[in-house]
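Protein sequence lines correspond, in order, to chains X and V. Under the numbering used here, read the first sequence as residues 1 to 428, first letter to last. Under the numbering used here, read the second sequence as residues 429 to 751, first letter to last.
Just so you know, these hints were derived from the structure itself, not from any lab. All the given hints hold, so there is nothing to weed out.
Which stretches of chain V does chain X cover? Using the computed rule of at least three CB atoms under 8 Å from a CB of chain X, they are:
hint	segment
1	444-453
2	471-484
3	515-523
Listing some non-contacts, in silico: residues in chain X with all C-beta distances to chain V over 10 Å:
hint	residue
4	Tyr32
5	Glu54
6	Pro327
7	Gln361
Using C-beta positions, here's what the derived DEER-type ranges look like:
hint	chain 1	residue 1	chain 2	residue 2	range
8	V	His564	X	Thr387	16 to 26 Å
9	V	Lys651	X	Lys402	50 to 60 Å
10	V	Asp670	X	Val407	36 to 46 Å
Backbone N, C-alpha and C fix where the C-beta goes; we use that ideal spot for every residue, glycine too.
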Amino acid sequence: MAKKKKPTNKIQRSISRTSRPSENLNSAHRTYTIPDWRLERPQFSVKQIHVGDEVRYEVTGDLSAPVPPIRESKYLTKQQHIELYRWMLLNRKMEAALENLYKQSKVVGGVYFGLGQEACSCASAYALKKEEWLGPMIRNQGSLLVRGFAPSDIMMQYMAKAGSPTKGRDASSHFGDIDEHNVVAPISTLGDLIPVLAGVALGARLQGKNIAVMTYIGDGGQSTGVTYEGLNFAAVQNLGLVLFVENNLWGYSTPSDMQFRVKDLAERAIAYGIPGVIIDGTDACQVYDAAHEACERARRGEGPTLIEAKMMRMKGHAIHDAAEYVPKPLFDYWKKRDCVARFKNYIVNVTKWLTPDQDRQLIEDVDKQLENDRDFAVNSPMPEPGTAAPGAYCENGCHEIKPKYGVPTVRRANNTTLKRSEAAVHLE
Amino acid sequence: MQLTYLEAIRQGIWEEMERDPAVFCIGEDIGIYGGAFKVTDGFIDRFGPERVIDTPIAESAIVGAAFGASLTGLRPIAEFQFMDFIGCAFNQISNMVAKAHYRWNAPAPLVIRGPSGGNVHGGPFHSQNPEMWFVHNPGLKVVCPASAYDAKGLIKAAIRDNNPVIFFEHKYLYRRIKEEIPAEDYIVPLGKARMAREGRDLSVITYAAMVFTALEAAEVLAKEGVELEVLDLRTVSPLDRDAIAQTVKKTNKVILLHEHPRTGGLAGEIAAIINEEAFDDLDGPIVRIAALDTPVPFSPPQEEFFLPKVSDVVREARRLKAY
Numbered sequence: 001m002a003k004k005k006k007p008t009n010k011i012q013r014s015i016s017r018t019s020r021p022s023e024n025l026n027s028a029h030r031t032y033t034i035p036d037w038r039l040e041r042p043q044f045s046v047k048q049i050h051v052g053d054e055v056r057y058e059v060t061g062d063l064s065a066p067v068p069p070i071r072e073s074k075y076l077t078k079q080q081h082i083e084l085y086r087w088m089l090l091n092r093k094m095e096a097a098l099e100n101l102y103k104q105s106k107v108v109g110g111v112y113f114g115l116g117q118e119a120c121s122c123a124s125a126y127a128l129k130k131e132e133w134l135g136p137m138i139r140n141q142g143s144l145l146v147r148g149f150a151p152s153d154i155m156m157q158y159m160a161k162a163g164s165p166t167k168g169r170d171a172s173s174h175f176g177d178i179d180e181h182n183v184v185a186p187i188s189t190l191g192d193l194i195p196v197l198a199g200v201a202l203g204a205r206l207q208g209k210n211i212a213v214m215t216y217i218g219d220g221g222q223s224t225g226v227t228y229e230g231l232n233f234a235a236v237q238n239l240g241l242v243l244f245v246e247n248n249l250w251g252y253s254t255p256s257d258m259q260f261r262v263k264d265l266a267e268r269a270i271a272y273g274i275p276g277v278i279i280d281g282t283d284a285c286q287v288y289d290a291a292h293e294a295c296e297r298a299r300r301g302e303g304p305t306l307i308e309a310k311m312m313r314m315k316g317h318a319i320h321d322a323a324e325y326v327p328k329p330l331f332d333y334w335k336k337r338d339c340v341a342r343f344k345n346y347i348v349n350v351t352k353w354l355t356p357d358q359d360r361q362l363i364e365d366v367d368k369q370l371e372n373d374r375d376f377a378v379n380s381p382m383p384e385p386g387t388a389a390p391g392a393y394c395e396n397g398c399h400e401i402k403p404k405y406g407v408p409t410v411r412r413a414n415n416t417t418l419k420r421s422e423a424a425v426h427l428e
Numbered sequence: 429m430q431l432t433y434l435e436a437i438r439q440g441i442w443e444e445m446e447r448d449p450a451v452f453c454i455g456e457d458i459g460i461y462g463g464a465f466k467v468t469d470g471f472i473d474r475f476g477p478e479r480v481i482d483t484p485i486a487e488s489a490i491v492g493a494a495f496g497a498s499l500t501g502l503r504p505i506a507e508f509q510f511m512d513f514i515g516c517a518f519n520q521i522s523n524m525v526a527k528a529h530y531r532w533n534a535p536a537p538l539v540i541r542g543p544s545g546g547n548v549h550g551g552p553f554h555s556q557n558p559e560m561w562f563v564h565n566p567g568l569k570v571v572c573p574a575s576a577y578d579a580k581g582l583i584k585a586a587i588r589d590n591n592p593v594i595f596f597e598h599k600y601l602y603r604r605i606k607e608e609i610p611a612e613d614y615i616v617p618l619g620k621a622r623m624a625r626e627g628r629d630l631s632v633i634t635y636a637a638m639v640f641t642a643l644e645a646a647e648v649l650a651k652e653g654v655e656l657e658v659l660d661l662r663t664v665s666p667l668d669r670d671a672i673a674q675t676v677k678k679t680n681k682v683i684l685l686h687e688h689p690r691t692g693g694l695a696g697e698i699a700a701i702i703n704e705e706a707f708d709d710l711d712g713p714i715v716r717i718a719a720l721d722t723p724v725p726f727s728p729p730q731e732e733f734f735l736p737k738v739s740d741v742v743r744e745a746r747r748l749k750a751y
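Between the sequences and the hints, there should be enough to build the whole structure, so can you do that?
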């Protein structure tokens, strides 16, 4: 069983030394530690129970604890806090705009929300450099904004417009860009981005550059086999993967208690032989600091890091899902821990880095940006039907393939002639 | 230089790695061991562990990592120890890789290669021809060479192609066939069939090891005065529609031959192309010869019964000739 450590000021040390067996090699029992940076450790579980003729979910445990403060960041400047706050606001308000567009029947299909998870999306992506890479999951729309995509890009994706990043060919956060934004488009199945992002780091390393690459997996998605394959590969190859395990307690309608038996998903790091850390996913400062340290490790060529961010998905799986299966006390508990409200309180009331007037101004500014983007997206055309046909193949020089970071180093050799191989006897 | 089919592939990959520093290999046991069939034997000594990467036994990770590296402008070659195991990575190939260019304008210049095919008594998991799983996947190219010359030229073309290419090497041919290979650099273009034997009476459209089955049948039939034409497709996606139509227009009678099971097999697709391109030129029914609709059995007498044989082609050709 993992032993919990109190948060330490020597975070750098703890994160790089976690998940390793204790130094007493003579001990018959090995102990491993996973640092937990949270300022509260809620204990509750969700189970299926019979109530009359019905089976429903029930939450047991103490949900009365007061809301913890924001944990002071070791790295963010005052200005960065404000920028990050703006990203989170933009993320939240853009999703509210998407909900309205859906209700006005302007959206094709459903809408996916990251409500309650904006700190995790925005503050994680905020730790990456421009030349580094990110692979978002369906709820990480905030990450896409931070990577430089416009709210109108995401709106047009949902409205299936010709001008959407995928030109109408795919929806939601399912888009990317290899030239400027360095974002890998996700696919609907879960965990598949993990080996891909590891491969991006591998590609960059072959070109002489250690970069941080970041992706996400949920408490539901981490059950897939490719999650294991990808993270294990990154660990073995010592690739700079930063994996955020977003434990938002629900995989569609299945509670995390029915996805895994470990207490904390960060414990999985032990099995991969990589550092892991538990953070409060509703605290933007914890998210950023953990992401920053993991990115720095990646850039030093020290390999992957697993960060478990605990929070709750505050809406259903998608807009069609009212999430009535979620016990109400859980919503009440996490609503008090709303990541945007807490960060705003930290910036306006605790640190007073923004006056209430400046805050209002910032909110107005975000609203105005979204209004413009919304108008642009709504008024942009649908694709011509025939645009469905081309593009399955890269043809006629539509792309020039060349190493992004530089020509890979080539070993010098005195003899470059291929020797004849020995005969293999396998299935001859 | 006389090279086996396997040596030709090996030389093709080696030359591309010498020519282009963006090319690298990734797969299971491909480094010091040199791969289960020794295709990359000696590569790690020349190119180092950076460009000849041994992986855990994790096919999805191999394909995913190769794809990720290709996004940074490299040209990975992912080896599957047996193409039977490609099912483990099917989601990565079909949903992640094949759809990337269409969905988000991301080219994926990677090659996924490995041994396929039966007649080596490998049993249900070391003998399959799973190419049809990928033919039905827009965005992928699927290559199945039958000669050593083609194997080298096609692997080089596959590596230089900007699309994901699934490259099926027939393990029965690995060390059984040997040909003169030119010393200079050459490629064989993807999507172009090859006339393996000219004939005027009947056409056999086939590829990979079945080309030799058809050629042997042609020898038998030639003694009876029946001239078989054998078209080797070389690439099964995209198919060379022109070459298919041309041979049908020439001989007016056609046999479609493949090593994978009959139902949902490539013959059905080729028959549809013939309907579309050359229906009026047919002087007889389109004949299919394929493996049984079963897994590949292990025991030699059973496997022999499962696979299309020279005698099957001879029998069907006689029947069609007389039609």
